[in-house]
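Generate coordinates for the entire structure from the input sequences, incorporating the hints supplied.
Taken in sequence, the protein lines are chains B and S. Our numbering puts the first sequence at residues 15 to 126. Our numbering puts the second sequence at residues -1 to 109.
By construction, these hints were calculated from the structure, which means they are not laboratory data. C-beta atoms are modelled at their ideal positions from N, C-alpha and C, and glycine is treated no differently. Among the hints, a few may not be true.
What the hints assert, rightly or not - Cβ pair distances, simulated, as ranges:
| hint | chain 1 | residue 1 | chain 2 | residue 2 | range |
| --- | --- | --- | --- | --- | --- |
| 1 | S | M13 | B | D69 | 45 to 51 Å |
| 2 | S | G70 | B | K19 | 37 to 43 Å |
| 3 | B | S22 | S | I18 | 34 to 40 Å |
| 4 | S | I58 | B | K85 | 22 to 28 Å |
| 5 | S | T11 | B | Y53 | 22 to 28 Å |
| 6 | B | H90 | S | N72 | 35 to 41 Å |
| 7 | B | T123 | S | R78 | 39 to 45 Å |
| 8 | B | E56 | S | Q62 | 47 to 53 Å |
| 9 | S | G38 | B | I32 | 26 to 32 Å |
| 10 | S | G38 | B | T59 | 18 to 24 Å |
| 11 | B | R75 | S | Q62 | 39 to 45 Å |
| 12 | S | N50 | B | Q95 | 41 to 47 Å |
| 13 | B | G97 | S | Q62 | 37 to 43 Å |
| 14 | S | T5 | B | G97 | 25 to 31 Å |
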Amino acid sequence: DQQVKQNSPSLSVQEGRISILNCDYTNSMFDYFLWYKKYPAEGPTFLISISSIKDKNEDGRFTVFLNKSAKHLSLHIVPSQPGDSAVYFCAALSGSARQLTFGSGTQLTVLP
Amino acid sequence: EPEVTQTPSHQVTQMGQEVILRCVPISNHLYFYWYRQILGQKVEFLVSFYNNEISEKSEIFDDQFSVERPDGSNFTLKIRSTKLEDSAMYFCASRGGEKLFFGSGTQLSVL
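Below, the structure is given as structure tokens:
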């Protein structure tokens, strides 16, 4: 039961260009969405989040867009830097305990 | 910056043995979680813990798993009789507001 889907397992982008990572969800009960970045042998690191009552949140080079009607969100990184190369996970919060449901991740590679 | 710490970073055990994975959540957080990631698969929710009891658990969290907050700082995950399929990276997390903060994980290898 894939409630959070990241359909692109990998993405390569040239340094300085925009990286767009996509995520779809099926559960209408999700009300808060987060993006995490993960390096090998490390835990997920929080990157940026968005509440379901908003459609955009920006933090420096990172912007998250939410389209509730399409149940779709995206993470834009601009300009992309080689240090951004990592696995990016989309995640959604639900339930009274607010546990996260993760997508399968997208490996972003930023080429110098 | 406060962080979630996990020990050990690696744990190797024989099938059938008990293991305890340890976590120190961020001090003013009240909700704690365990997640795991089997190699090549998704990060999966195991259990959430609030006010000294389990608040939610997944299907994965069966009777061989237990969690405990033995004192004011530690949060532990015990696997009573490990199986080969328990081999995974186990992440502890604590929640501040709507954000979960993760530890660096314990790589559990069951032989």
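Verification of the hints:
1. With their beta carbons about 50 Å apart, M13/S and D69/B fall inside the hinted range of 45 to 51 Å.
2. Checked against the hint of 37 to 43 Å, the pair G70/S and K19/B passes, with Cβ atoms roughly 39 Å apart.
3. Between S22/B and I18/S the beta carbon distance is about 38 Å. The supplied range of 34 to 40 Å therefore holds.
4. At roughly 25 Å, the beta-carbon separation of I58/S and K85/B lies within the given 22 to 28 Å, and the hint holds.
5. As the Cβ distance of T11/S to Y53/B is approximately 26 Å, the hint placing it in 22 to 28 Å holds.
6. For the pair H90/B and N72/S, the beta carbons lie near 39 Å from each other, so the given range of 35 to 41 Å is met.
7. Look at T123/B against R78/S: about 41 Å separates their beta carbons, and that is inside 39 to 45 Å.
8. Under the hint 47 to 53 Å, the C-beta atoms of E56/B and Q62/S, about 27 Å apart, miss the expected range.
9. The given range of 26 to 32 Å is respected by G38/S and I32/B, whose C-beta atoms sit roughly 28 Å from each other.
10. Taking the beta carbon of each, G38/S and T59/B are about 20 Å apart, inside 18 to 24 Å as hinted.
11. Roughly 44 Å separates the CB atoms of R75/B and Q62/S, a value that falls within the hinted 39 to 45 Å.
12. For the pair N50/S and Q95/B, the supplied restraint of 41 to 47 Å holds, since their beta-carbon distance comes to about 44 Å.
13. Separation of G97/B from Q62/S is about 40 Å and conforms to the stated range, judged on CB atoms against 37 to 43 Å.
14. Taken as a hint, the range 25 to 31 Å holds for the pair T5/S and G97/B, whose Cβ atoms sit roughly 28 Å apart.
In the structure shown, a violation is registered for the earlier hint numbered 8 alone.
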